[in-house]
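Order-wise, the sequence lines are chains R and Z.
So the first sequence is residues 15 to 210, counted in my numbering.
So the second sequence is residues 5 to 193, counted in my numbering.
What the hints contain is simulated information worked out from the structure, not anything from laboratory work.
A few of these clues could be false.
Unchecked claim - Using C-beta positions, here's what the derived DEER-type ranges look like:
(1) Z:ARG61 to R:ALA80: 53 to 63 Å
(2) Z:GLY21 to R:ARG125: 45 to 55 Å
(3) Z:LYS22 to R:THR173: 52 to 62 Å
(4) R:GLU210 to Z:SER119: 18 to 28 Å
(5) Z:MET55 to R:GLY171: 43 to 53 Å
(6) R:ALA80 to Z:ALA72: 56 to 66 Å
(7) Z:ASN69 to R:ALA80: 24 to 34 Å
(8) R:PHE196 to Z:GLY21: 31 to 41 Å
(9) Z:ARG186 to R:GLN198: 25 to 35 Å
Stated by the list, open to error - If you want the ones that stay clear, here's a sample from chain Z, every Cβ over 12 Å from chain R, calculated:
(10) LEU49
(11) PRO82
(12) SER136
Glycine residues also receive a C-beta, built at the ideal position from the N, C-alpha and C atoms.
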Amino acid sequence: MIPRHFQITTGLLLVAILLSGIYIISLRRREEAASLQNLQAATATPSLEGKQERIRVLVAYDDDQALRWRDMDAFMPADRSLRARAVMRAVLAQYLQSPSPHPLGKGADIRTVYLINDNTMVVDTTPQFADGHPPGILLEEFTIASLIETLTANVPGVTKVKFLVNGQERETLAGHVDLMSFYQTSAVDELAKEFE
Amino acid sequence: MIDPAHGGDDKGATLGGKLLEKDFTLALARELKKELLARGIPARLLRDTDMNLDVERRAEITNENHAALYVALHAGEPGNGVRVYSSALPPAAAAAGRFLPWESAQGGSLERSRSLIRFVAPALRKKGLRVSVLASPLRPLNNVIAPAIAVELAPGVQQLQETLKMRSTLASAIAEGIAQSRGLPGGRP
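Can you build the whole structure from these sequences, using the hints too?
Now the structure itself:
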C-alpha cells in the first residue's frame, strides 16, 4: 500500500509539471507571435519616402494598333520595388478609365513587385489582371510591352521581368502571350519599337 | 503540323459577336490541311475536335513527331487584315547535341521560320489581304524545334459571312506560301 503523504506529493508534482508545460507553451506562442510581427513590420513597411516626379508611361491604343509615350506627374516612392509598382499602376490606371484606349478587366492591378536581385523583378498581379484580360495576341502583347517598357524607363537597371498571377505561375496571359518565361527587357524594347 | 489554337474550355476570342475563335481556327485548319494535301504536302492537325490541349502539349506533340513545319492559326482583335508572327527570341545558332533548352528550342530554327514568312506574307498579299509581319512572345512558338509561324486573322468589323469567306482565301494563300518555300509551284495542280 502506498503511503498517503507519498500519493499527495506525487499528485502535486504532476500538477506542477502540467502547469509548467502549459506556461512554457504559452511563452513560446507569445514569442513566435512577437517575432512574426517584427518580421512583417520589417518586410511590409519599406521606406515610403518619395517625391512628386514626372514619369514616362507607354500607353497602348488598340484602335490605332500603336504604343505611345505619355508624360505624367506622379508620387514616386524611393524604394525600388514600390517605385516599380507605382509606375506600372500608372499604366493600368490609363487602361481602367472609361473610355479606355486598351480595356482591361475591372480589378486588374499589381499586387507586389519582388526584387530578385539588382536587375531581375517578379511582378505579382491580381487574378482579374489575367482572368479579365481580353484574349488576342496583339492585345496581350500590348499589355506586357507597355508595362515592361514603362518599368524600365522609370526604374533603371532592370533587365529581366516575370509576371505571376495571384502569386502563381500561369502559362499565358489570356491564352496567347507567354507568362512562364522571364522577359528580357531589351527584347521587349525591340518588340515595342514596332508599334511606336 | 497545323495547330488550330484554343479548343475545349479555352474558347479564345469571340469574332463578330458570336463566332468562337476555337471553332474558326479548327475550320481553317481543316481547309489548310486539304489545300496542302492537294499540293502534295503531307499535313496533320494537332486537334481535329473541340478538345482541351494546353500549349506545352502542343509543342511536345509537334517535337515528338519531328514536324518539318509548325503553323499555328489564330483569329482576333484589333484591326483588320492578317498578322503573321515568328518567335520573339533572339536568333541563335542551332544547338549541338540531342537536348535543347525548352524555353528557347526555337532559337536554332528562327531564321528558317522568318524565311517561311517571306513566302507566306506575299502569298497573302497577292490575295488582296492587308498583312503585317511581327515577332511575338506567343506560346508555344519558343518551344517548337521546327520552323514555326503563327497566322492570325483580324476580321475587324466585317460581317460574319465575310469572315467565313476570308477563311478559304486564307487557307489557300498559306498553303501557296508553304509550297513555294519548299520549291513547289504555289497553285493547286
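Against the structure, the hints:
The supplied range of 53 to 63 Å is broken by Z:ARG61 and R:ALA80, whose beta-carbon atoms lie about 35 Å from each other. For the hinted restraint 45 to 55 Å between Z:GLY21 and R:ARG125, the CB-CB distance of approximately 33 Å leaves it violated. Separation of Z:LYS22 from R:THR173 is about 44 Å and departs from the stated range, judged on CB atoms against 52 to 62 Å. At about 27 Å, the CB distance of R:GLU210 to Z:SER119 agrees with the hint of 18 to 28 Å.
Checked against the given bound of 43 to 53 Å, the beta carbons of Z:MET55 and R:GLY171, roughly 45 Å apart, stay inside it. For the hinted restraint 56 to 66 Å between R:ALA80 and Z:ALA72, the CB-CB distance of approximately 36 Å leaves it violated. Under the hint 24 to 34 Å, the C-beta atoms of Z:ASN69 and R:ALA80, about 39 Å apart, miss the expected range. For R:PHE196 and Z:GLY21, the Cβ-Cβ distance of about 37 Å falls inside the hinted range of 31 to 41 Å, so the restraint holds.
Under the hint 25 to 35 Å, the C-beta atoms of Z:ARG186 and R:GLN198, about 33 Å apart, fit the expected range. For Z:LEU49, the requirement that its beta carbon stay farther than 12 Å from each beta carbon of chain R is met, with the minimum near 19 Å. Consistency note on Z:PRO82: stated as away from chain R, yet its beta-carbon is not over 12 Å from all of that chain's, at 4 Å minimum. Not every CB of chain R is more than 12 Å from the CB of Z:SER136 (nearest about 8 Å), against its label as outside the interface.
The structure does not agree with the numbered hints 1, 2, 3, 6, 7, 11, 12 stated previously, though it agrees with the rest.
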